[in-house]
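Chemist: The residues making up each chain are set out below.
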Amino acid sequence: MAHALSRRSLLGATAAGTALAGFPALLRAQGTPRDLVVGGAAGMAGYMKEFVFPVIEKQTGMRIIFDGTRSLVNLEKLRADRASPRMSVVLMDDPIMQIARDEGLLAPLTTGATPNLAKIRPDAVHFEGAWVNYQTPWAGIAYNKELLPKGVDSYQALWAAGQKGRVILPSLQNTEGLWTLIVAAHLETGKPFAEAQYEVDAAFRKLATLKPNVLTVYTNQPQAENLLESGEAALMAGQFSSYTLIRAAGGAPVGLAAPKEGIFAMPSGICKVKGAPNEAMADAFIDAFLGSTIQRILAEKSFILPTNTETSLPDGFTRPAGTPFAPDWAHVNRNREAWIQRWNQLMG
Amino acid sequence: MRGAARLPSPGIGWLALPACAVAALLFALPLLLLLAVSLHGDGGWTLRGYARFLGAAYSWQVIGRTLALAFWTTLICLALGYPAAFALARTRGAVQSLLIAALLLPLSLSVIVKAFGWTVLLRGNGVVNRLLMASGLTDAPLRLLFTEAGLLIGITNIFLPFMILPIFTVVRQIDPRLGDAATTLGGGPWHNFVRVTLPLTLPGVVAGVTLVFSLSIAAYVIPNLLMGDRYQTLSTTIATAFLYLQDPQRGSVAGVVLLALSLAVVVGSAWLARRARATP
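Chain order of the listed sequences is A and B.
Quick note: the first sequence, position 135, residue 135 per the working numbering, numbers continuous.
For the working numbering, add 348 to where a residue sits in the second sequence, where the first one is 1.
Treat the hints as calculated values from the structure; they're not laboratory data.
Glycine is no exception: its CB is placed at the ideal position from the N, C-alpha and C atoms.
A portion of the hints provided could be inaccurate.
Derived CB-CB ranges, DEER-like [as the list claims (entries may be wrong)]: (1) A/P122 - B/S456: 55 to 63 Å; (2) B/A497 - A/A338: 31 to 39 Å; (3) B/A416 - A/F127: 44 to 52 Å; (4) B/L381 - A/E279: 52 to 60 Å; (5) A/P222 - B/A449: 46 to 54 Å; (6) B/L479 - A/L147: 35 to 43 Å; (7) B/R478 - A/Q156: 44 to 52 Å; (8) A/S84 - B/L611: 38 to 46 Å; (9) B/A482 - A/A330: 20 to 28 Å; (10) A/R34 - B/A367: 31 to 39 Å.
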């Protein structure tokens, strides 16, 4: 217990100190009833602030203060601020949501407070509303269109003899790194993703044969994307629509393939923080995120699949073949530490 | 001479108090906390964290890789920096100012920018490969990015000023007539260098080696950008433990091991240098 307390207090002090030093707007927000502090990934700040938040602010009259960082850092902030939370709503990946939920940091969502919850696909609502997937970016293989003008039809392309030193993998530390592990298990065992995800030994056996083709393993996605776009690499595993397709729409020579074996669901969740300030405003914000207006904007600007069943897709939106696969995150969370160490040893 | 022999005021030591307080707060205290976390497990104080880390063969690979990176970086920087410091010290006027500016200006750039710059230069169609092919040394682009050769090129470039500057500071203070005097006493160029010049420059060499070794053994950004996640060193192990594995004890143990290795090598090299100077 003493160990847990000292570790938590140390990490908590760090998170709180960062918030106090770097985000004075968060402090100001405490005294202004119309301000709502929302945590999320730093990478989404651009299109959220440009296309999404202004619409919600206009609809509700609130002012959104976005605190962009990594999901794990947001989790530490939630832990540190448990007694007096500053953030009211957080956008995080499912595996981190699962930890936050298990630690009692989340307040459940209800259809009474957030009516649009009733319109969300059932598989996108977790633990009776502990958190909800407000969107589903889909993940496949990103490729350089100039080097591979015919695209990619199978994950076997990662292992192809002609791709020696031209494949980039996401680290298993990154959420998208998990897809390569599941694909490797599927290719080694022939089992569908739902069963292959538990065949970890087979996955690592298959991954060992991928090493000659690997140019690098990244934790820093923008640098890796730069290598793909410049033609230094031909293929990048585990990439998702809300990143690659935004780059492609901006003119980068990249494409996102949905291989025949299947695609994956990037887990983008939204939750309400337990004991958070401005609860009614938090409910209004989440309801807007689950509403068809915002989901249509997200689909158009970041190429995600909406989870609100009543959302009409924008003109020209290309829906990938197949249903994105979502893994057993509880299983992932239980084993991830051991997998990361095994991955580091294998790839090193 | 007026005042030159005056003893310092008895209270002058207090002037160091603010610096000592800052050092204690920002360096000593965090290091003590690091040590405490490394020795604290679920059941209280324990060495289990060290047994777990040092008992794994993979940890020794990581330690070996970290030491090898620091060793080769320091050696290459010394081989390039030692003559460069002499060249810098022997120039005068505008040329010297220009060379010093060329050495110092890159220090004003973030290490992230410089490392990222190398990821562009080392690409298949980057400047390095183009120069190699244009000079006829290679027929096709070499793979340099995400190789240890590429890492050594980048890290040496980034840390080289930290080797040149301390040696330059010492070399410029050496009286050039000492070499002439040694020659008049019958010493050849090699003898003069080994017995006169090298011992006089050892303080600068030790300072340069200490700086470059300390920087390269703890380097995180440069290996991360030039080698990616496949190249695990003690620094990347610490980051992974704290940021991803949520295992502060493992991260703290790796931090203490890194600090101990760095201190041992730095103190050891300084001791060897002192011995070398004392040996007639």
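Chemist: Each hint: holds or not?
Modeler: Outcome of the hint check:
1. Remark: the range hint 55 to 63 Å for A/P122 to B/S456 is upheld by a beta-carbon distance near 57 Å.
2. Separation of B/A497 from A/A338 is about 33 Å and conforms to the stated range, judged on CB atoms against 31 to 39 Å.
3. At roughly 48 Å, the beta-carbon separation of B/A416 and A/F127 lies within the given 44 to 52 Å, and the hint holds.
4. Judged by the Cβ atoms, the range 52 to 60 Å given for B/L381 and A/E279 is violated: they are separated by roughly 37 Å.
5. With their beta carbons about 32 Å apart, A/P222 and B/A449 fall outside the hinted range of 46 to 54 Å.
6. Checked against the hint of 35 to 43 Å, the C-beta distance between B/L479 and A/L147 comes to roughly 24 Å, which is inconsistent with it.
7. One distance hint, 44 to 52 Å for the beta-carbon pair B/R478 and A/Q156, is violated here, with the actual separation near 34 Å.
8. Under the hint 38 to 46 Å, the C-beta atoms of A/S84 and B/L611, about 41 Å apart, fit the expected range.
9. Against the hinted window of 20 to 28 Å, the Cβ-Cβ separation of B/A482 and A/A330 comes to about 57 Å, which falls outside the hint.
10. Hint check: A/R34 to B/A367, Cβ distance near 47 Å, so the stated range 31 to 39 Å is violated.
Checked against the numbered hints above, the structure violates hints 4, 5, 6, 7, 9, 10; every other hint is satisfied.
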